[in-house]
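Engineer: Sequence:
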Amino acid sequence: MTQFLPPNLLALFAPRDPIPYLPPLEKLPHEKHHNQPYCGIAPYIREFEDPRDAPPPTRAETREERMERKRREKIERRQQEVETELKMWDPHNDPNAQGDAFKTLFVARVNYDTTESKLRREFEVYGPIKRIHMVYSKRSGKPRGYAFIEYEHERDMHSAYKHADGKKIDGRRVLVDVERGRTVKGWRPRRLGGGLGGTRRGGADVNIRHSGRDDTSRYDERDRDRDRERERRERSRERDKERERRRSRSRDRRRRSRSRDKDERRRSRERSKDKDRDRKRRSSRSRERARRERERKEELRGGGGGGGDMAEPSEAGDAAPDDGPPGELGPDGPDGPEEKGRDRDRERRRSHRSERERRRDRDRDRDREHKRGERGSERGRDEARGGGGSGQDNGLEGLGSDGRDMYMEAEGGDGYMAPENGYLMEAAPE
Numbered sequence: 001m002t003q004f005l006p007p008n009l010l011a012l013f014a015p016r017d018p019i020p021y022l023p024p025l026e027k028l029p030h031e032k033h034h035n036q037p038y039c040g041i042a043p044y045i046r047e048f049e050d051p052r053d054a055p056p057p058t059r060a061e062t063r064e065e066r067m068e069r070k071r072r073e074k075i076e077r078r079q080q081e082v083e084t085e086l087k088m089w090d091p092h093n094d095p096n097a098q099g100d101a102f103k104t105l106f107v108a109r110v111n112y113d114t115t116e117s118k119l120r121r122e123f124e125v126y127g128p129i130k131r132i133h134m135v136y137s138k139r140s141g142k143p144r145g146y147a148f149i150e151y152e153h154e155r156d157m158h159s160a161y162k163h164a165d166g167k168k169i170d171g172r173r174v175l176v177d178v179e180r181g182r183t184v185k186g187w188r189p190r191r192l193g194g195g196l197g198g199t200r201r202g203g204a205d206v207n208i209r210h211s212g213r214d215d216t217s218r219y220d221e222r223d224r225d226r227d228r229e230r231e232r233r234e235r236s237r238e239r240d241k242e243r244e245r246r247r248s249r250s251r252d253r254r255r256r257s258r259s260r261d262k263d264e265r266r267r268s269r270e271r272s273k274d275k276d277r278d279r280k281r282r283s284s285r286s287r288e289r290a291r292r293e294r295e296r297k298e299e300l301r302g303g304g305g306g307g308g309d310m311a312e313p314s315e316a317g318d319a320a321p322d323d324g325p326p327g328e329l330g331p332d333g334p335d336g337p338e339e340k341g342r343d344r345d346r347e348r349r350r351s352h353r354s355e356r357e358r359r360r361d362r363d364r365d366r367d368r369e370h371k372r373g374e375r376g377s378e379r380g381r382d383e384a385r386g387g388g389g390s391g392q393d394n395g396l397e398g399l400g401s402d403g404r405d406m407y408m409e410a411e412g413g414d415g416y417m418a419p420e421n422g423y424l425m426e427a428a429p430e
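Counting in the working numbering, the sequence shown runs from 1 upward without gaps.
Among these hints, one or two may not hold up.
Under the rule of at most 25 Å between Cα atoms (straight-line distance), these lysine to aspartate or glutamate pairs were calculated in the DMTMM-like manner [as the list claims (entries may be wrong)]:
| # | residue 1 | residue 2 |
| --- | --- | --- |
| 1 | Lys142 | Glu154 |
| 2 | Lys168 | Asp205 |
| 3 | Lys185 | Glu154 |
| 4 | Lys87 | Glu68 |
| 5 | Lys167 | Glu116 |
| 6 | Lys118 | Glu68 |
| 7 | Lys168 | Asp263 |
| 8 | Lys130 | Glu154 |
| 9 | Lys273 | Glu295 |
| 10 | Lys185 | Glu85 |
| 11 | Lys167 | Glu122 |
| 12 | Lys280 | Asp345 |
| 13 | Lys167 | Glu152 |
| 14 | Lys138 | Asp205 |
| 15 | Lys185 | Asp100 |
| 16 | Lys130 | Glu116 |
| 17 | Lys273 | Asp263 |
| 18 | Lys118 | Glu152 |
| 19 | Lys138 | Glu124 |
| 20 | Lys280 | Asp205 |
| 21 | Lys185 | Asp205 |
| 22 | Lys167 | Glu124 |
| 23 | Lys74 | Glu154 |
| 24 | Lys273 | Asp367 |
| 25 | Lys138 | Glu81 |
Just so you know, these hints were derived from the structure itself, not from any lab.
Note that the structure is predicted; figures quoted are calculated from it, not measured.
Please take these sequences and the hints and turn them into a complete structure.
Structural biologist: As structure tokens, this is what we get:
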């Protein structure tokens with residue numbers, strides 16, 4: 001079909017001219033031939049400098065060596081300064097040290113915001129104070145954190161030295177000591193390498209944290225007390241954890257016991273409902289049997305207590321109607337086949353019950369029968385008293401003086417009306 005296309009469309013499908021071949025400008029890498037192969041530095045060794053002509057190497061100081069050198073220089077310089085100050089230091093000729101040295105108390109670690117009046121209020125409880133000298137910096141004028149308190153009596157100073165150590169003033173516990181510069185021979189202050197602190201000797205394993213004013217056994221005792229307190233807290237925490245675990249286990253047990261009790265109560269309610277249902281069924285059956293027995297006795301008693309005219313309805317009443325319930329008015333009475341079957345079922349069910357339930361049912365039936373017998377005997381006595389005078393039998397209305405039922409006369413002998421409910425019932429076959 002392409003041959004029928006116009007030329008302009010056929011030109012679109014026409015092949016192009018082939019690509020012309022051009023020779024490469026240079027050879028490919030694998031086609032090139034190297035005149036000199038690759039080599040190492042062996043050809044250039046002769047160009048190196050002769051080691052005999054090289055200068056000797058110089059050794060530079062490392063960073064650790066430089067720091068150690070500076071530290072030693074600082075220590076040496078400080079030792080020279082301390083030696084110079086020790087030669088010039090004389091506490092007995094110090095113009096700032098005034099008053100009696102044996103009545104002066106040294107107080108350190110004082111809060112920088114604590115004033116002289118606050119120190120006076122805190123230390124006047126041990127005795128009257130003569131003078132308080134707080135030390136300030138000469139360059140900045142700020143307090144240095146320690147002071148000297150001179151008491152009027154030496155005993156007050158001893159009392160403050162004994163009881164005021166560790167007292168908290170403005171949130172900081174102060175350190176209390178005697179003035180040792182003028183009272184202890186050979187004493188040197190801390191800035192000159194002495195003192196009782198010992199926190200400028202070296203590392204944490206060498207320095208001590210207490211003031212040294214007392215024997216170290218006191219601080220050892222404090223450490224032991226601190227360790228005992230720590231152990232006591234750990235034991236209390238363990239006891240709390242164990243108590244919490246026991247409490248959680250007891251909660252779980254109570255939850256499980258509550259669920260079991262709930263299930264048991266539900267099952268007991270179901271069993272009680274079943275028992276109540278069975279009891280109601282048995283009581284209804286017993287009431288039905290008692291009602292039938294009572295009706296049968298009343299029928300028999302009504303037939304025998306009246307005159308000759310009452311013989312006909314009594315005989316008719318003794319006959320079992322076809323539509324009536326079995327065993328109610330029939331000749332078999334309560335001993336009919338269906339009643340016997342019910343008795344057998346009742347005995348079978350009773351045999352499966354426990355002895356206690358049977359005894360309880362037996363006592364309940366005996367009480368009911370006794371009450372029913374008493375009511376029947378009272379009713380019989382009432383009927384015997386009223387049968388000869390009024391001509392009404394069984395206390396029922398609708399019976400005339402001649403002993404015949406008015407409903408039987410109205411129906412014309414085809415049927416009779418039951419004296420209990422007035423329903424029409426068929427006459428018994430003769």
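Engineer: Could you run down the list of hints and mark each one as holding or not?
Structural biologist: Against the structure, the hints:
At most 25 Å may separate the alpha-carbon atoms for a hinted pair to count; lysine 142 and glutamate 154 exceed this at roughly 30 Å. For the hint pairing lysine 168 with aspartate 205, the CA-to-CA distance comes to about 28 Å; that exceeds 25 Å, so the pair is violated. For the hint linking lysine 185 to glutamate 154, the alpha-carbon distance of about 20 Å falls within 25 Å, and the restraint holds. A hinted pair counts as satisfied when its Cα atoms are at most 25 Å apart, and lysine 87 with glutamate 68 does not qualify at roughly 29 Å.
With a C-alpha separation of about 16 Å, the suggested pairing of lysine 167 with glutamate 116 holds against the 25 Å cut-off. Note on lysine 118 and glutamate 68: the hinted pairing is violated, with a Cα-Cα distance of about 47 Å set against a maximum of 25 Å. About 65 Å separates the Cα atoms of lysine 168 and aspartate 263, which puts this hinted pair outside 25 Å; it is violated. Only pairs whose Cα atoms come within 25 Å are accepted, and lysine 130 paired with glutamate 154 is accepted, the gap being roughly 11 Å.
Restraint check for lysine 273 and glutamate 295: not satisfied, since their Cα atoms lie roughly 32 Å apart, outside the 25 Å limit. The suggested pairing of lysine 185 with glutamate 85 holds, with an alpha-carbon distance near 17 Å, which does not exceed 25 Å. Restraint check for lysine 167 and glutamate 122: satisfied, since their Cα atoms lie roughly 9 Å apart, inside the 25 Å limit. For a cut-off of 25 Å, the pair hint linking lysine 280 to aspartate 345 stands: about 16 Å separates their Cα positions.
For the proposed pair lysine 167 and glutamate 152, the alpha carbon gap of about 21 Å is at most 25 Å, so the pair holds. Under the criterion of a C-alpha separation no larger than 25 Å, the hint pairing lysine 138 with aspartate 205 is inconsistent with the structure, at around 34 Å. As the CA atoms of lysine 185 and aspartate 100 are separated by approximately 16 Å, the hinted pair is consistent with the 25 Å bound. Of the pairs offered as hints, the one joining lysine 130 and glutamate 116 holds, with about 13 Å between alpha carbons and a cut-off of 25 Å not exceeded.
A C-alpha spacing of about 15 Å is found between lysine 273 and aspartate 263, which places the hinted pair at or below 25 Å, so the restraint holds. Simply put, lysine 118 and glutamate 152 have alpha-carbon atoms about 19 Å apart, close enough for the 25 Å limit, and the pair holds. For the hint pairing lysine 138 with glutamate 124, the CA-to-CA distance comes to about 28 Å; that exceeds 25 Å, so the pair is violated. At roughly 93 Å between alpha-carbon atoms, lysine 280 and aspartate 205 are farther apart than 25 Å, so this suggested pair is violated.
For the hint linking lysine 185 to aspartate 205, the alpha-carbon distance of about 29 Å lies beyond 25 Å, and the restraint is violated. For the given pair, lysine 167 sits about 14 Å from glutamate 124 by alpha-carbon distance, which is consistent with the 25 Å threshold. Note on lysine 74 and glutamate 154: the hinted pairing is violated, with a Cα-Cα distance of about 43 Å set against a maximum of 25 Å. Proposed proximity of lysine 273 and aspartate 367 is supported: the alpha carbons are some 24 Å apart, at most 25 Å.
Our distance criterion of 25 Å between C-alpha atoms is met by lysine 138 and glutamate 81, whose separation comes to about 19 Å.
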